[in-house]
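Protein chains: 2
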Amino acid sequence: MSRILYSLRGADGTAPFSPHCWKVVLALRHKGLDFEERPVGFTDIPKLENGFSKTVPILRDGDRLISDSFAIAIYLEQTYPDRPSLFSGEGGLATARFVEAWALSTLHPAVTRIAVKHIHDMLSPVDQAYFRESREARLGATLEEVVTGREAEIAAFPEKCTPIRNMLKFQPFIGGDRPLFADYIVFGAFQWAALTGNTGLLDPNDPVANWFERCLEFVEQG
Amino acid sequence: MSRILYSLRGADGTAPFSPHCWKVVLALRHKGLDFEERPVGFTDIPKLENGFSKTVPILRDGDRLISDSFAIAIYLEQTYPDRPSLFSGEGGLATARFVEAWALSTLHPAVTRIAVKHIHDMLSPVDQAYFRESREARLGATLEEVVTGREAEIAAFPEKCTPIRNMLKFQPFIGGDRPLFADYIVFGAFQWAALTGNTGLLDPNDPVANWFERCLEFVEQG
Numbered sequence: 001m002s003r004i005l006y007s008l009r010g011a012d013g014t015a016p017f018s019p020h021c022w023k024v025v026l027a028l029r030h031k032g033l034d035f036e037e038r039p040v041g042f043t044d045i046p047k048l049e050n051g052f053s054k055t056v057p058i059l060r061d062g063d064r065l066i067s068d069s070f071a072i073a074i075y076l077e078q079t080y081p082d083r084p085s086l087f088s089g090e091g092g093l094a095t096a097r098f099v100e101a102w103a104l105s106t107l108h109p110a111v112t113r114i115a116v117k118h119i120h121d122m123l124s125p126v127d128q129a130y131f132r133e134s135r136e137a138r139l140g141a142t143l144e145e146v147v148t149g150r151e152a153e154i155a156a157f158p159e160k161c162t163p164i165r166n167m168l169k170f171q172p173f174i175g176g177d178r179p180l181f182a183d184y185i186v187f188g189a190f191q192w193a194a195l196t197g198n199t200g201l202l203d204p205n206d207p208v209a210n211w212f213e214r215c216l217e218f219v220e221q222g
Numbered sequence: 001m002s003r004i005l006y007s008l009r010g011a012d013g014t015a016p017f018s019p020h021c022w023k024v025v026l027a028l029r030h031k032g033l034d035f036e037e038r039p040v041g042f043t044d045i046p047k048l049e050n051g052f053s054k055t056v057p058i059l060r061d062g063d064r065l066i067s068d069s070f071a072i073a074i075y076l077e078q079t080y081p082d083r084p085s086l087f088s089g090e091g092g093l094a095t096a097r098f099v100e101a102w103a104l105s106t107l108h109p110a111v112t113r114i115a116v117k118h119i120h121d122m123l124s125p126v127d128q129a130y131f132r133e134s135r136e137a138r139l140g141a142t143l144e145e146v147v148t149g150r151e152a153e154i155a156a157f158p159e160k161c162t163p164i165r166n167m168l169k170f171q172p173f174i175g176g177d178r179p180l181f182a183d184y185i186v187f188g189a190f191q192w193a194a195l196t197g198n199t200g201l202l203d204p205n206d207p208v209a210n211w212f213e214r215c216l217e218f219v220e221q222g
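Those sequence lines, one after another, are chains A and B.
Taking full-length UniProt numbering, the leading residue of the first sequence gets 1, the next gets one more, and so forth.
Taking full-length UniProt numbering, the leading residue of the second sequence gets 1, the next gets one more, and so forth.
Note that these hints are calculated values from the structure, not bench results.
Ideal Cβ placement from N, Cα and C applies to all residues, glycine included.
A portion of the hints provided could be inaccurate.
Said to hold, decoys possible - What the simulated footprint calls covered on chain A by chain B, stretch by stretch (three residues with Cβ under 8 Å from a Cβ of chain B suffice, anywhere in the stretch; the number is not a length):
1. 82–90
2. 96–106
3. 151–164
Build the full structure now, drawing on both the sequences and the hints.
So, in structure tokens, the structure goes:
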């Protein structure tokens with residue numbers, strides 16, 4: 001196997017949970033490309049591939065190394081043009097940048113505040129120390145202080161999904177009749193929440209919850 | 001001239017201000033298509049083209065009539081495929097629906113609350129009566145009550161533009177190197193605010209303000 005995806009996990013035996021790594025998992029499945037996933041802990045990342053990147057995902061494809069989920073999606077699109085498209089044209093690629101900017105500025109801060117203590121508790125001790133220090137500096141508060149706002153964040157979460165919900169009145173995926181990378185960008189945030197034990201953020205009858213299930217089905221059916 | 005765009009204006013002599021009509025103005029200019037704009041008052045709309053649509057924009061193109069800004073953009077793309085593309089592929093068209101859903105759920109409610117009294121005051125007396133009744137029912141408050149929250153809405157406005165601002169770190173337009181209909185969808189909301197006397201919502205050095213100016217330049221240069 002020459003294709004390796006380095007992703008992120010908690011302590012031994014926990015599922016890979018990084019939203020950015022999930023985007024790449026779905027992009028690879030969308031393209032129908034085999035890969036071996038190698039989940040590592042936070043503090044292992046600097047040791048990967050001679051310190052190639054400070055963050056995962058990192059994709060090794062033969063002798064090529066690429067980091068950053070969006071850059072990997074562009075690489076896959078350019079390298080495997082005969083496989084199903086991740087963007088369906090230049091306009092789809094450009095506009096996916098807006099979807100990414102929206103997800104990172106709207107969904108990710110919310111999921112961070114909902115899940116940060118759960119994530120901490122999933123990690124190995126050495127990763128816990130790194131995670132606490134870096135996230136508390138970023139958030140300007142201790143993890144325990146952030147947790148006090150968790151219920152309010154959960155209550156506010158469905159309203160933040162309004163643009164997806166309203167888009168779904170016109171079509172089943174952001175990509176139209178079938179998912180594109182723009183869908184996987186948003187999917188990553190929901191999967192991140194779910195795999196760190198934060199399920200039930202949406203009512204099961206919410207069209208957004210149904211869209212999430214459709215994305216899962218699409219990529220599982222290959 | 002066989003191409004007519006019915007749009008919206010206030011009292012005689014005021015500029016057309018509807019965000020949805022501006023999207024179509026820019027789409028037509030983008031395609032390099034001549035048209036005659038016929039701005040009407042709110043209460044004139046039901047009389048247009050034998051009551052074809054309850055809302056503007058309405059485009060008459062020869063013997064074809066189309067309403068709804070997104071439907072008009074799709075019509076123009078399909079009818080004039082040899083002109084510059086408004087979507088740059090199927091993915092761009094589909095993802096523009098997400099941009100529309102975001103703009104309608106995030107920017108439009110904000111601009112409504114900032115501009116609603118200004119808009120009312122621009123209208124002819126008969127349109128003022130219609131506008132007050134329909135908007136007060138929709139907003140659940142009198143126009144005067146809504147105005148009391150105007151300064152707070154203005155203060156909160158730049159933060160609502162964060163997804164555009166962050167996208168602009170990667171590319172000059174939502175459409176990538178040049179604007180697409182997705183840009184015009186967002187542009188419409190800013191132009192609506194500006195033409196109803198609500199300038200200065202963004203710092204002139206804000207990248208989002210610079211993007212707005214670039215959109216204007218692009219379509220003015222044809």
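Okay, the hints, checked on the actual structure:
no. : hint    : result
1   : 82–90   : holds (count 5)
2   : 96–106  : holds (count 10)
3   : 151–164 : holds (count 3)
Consistency note: the structure conflicts with none of the earlier hints.
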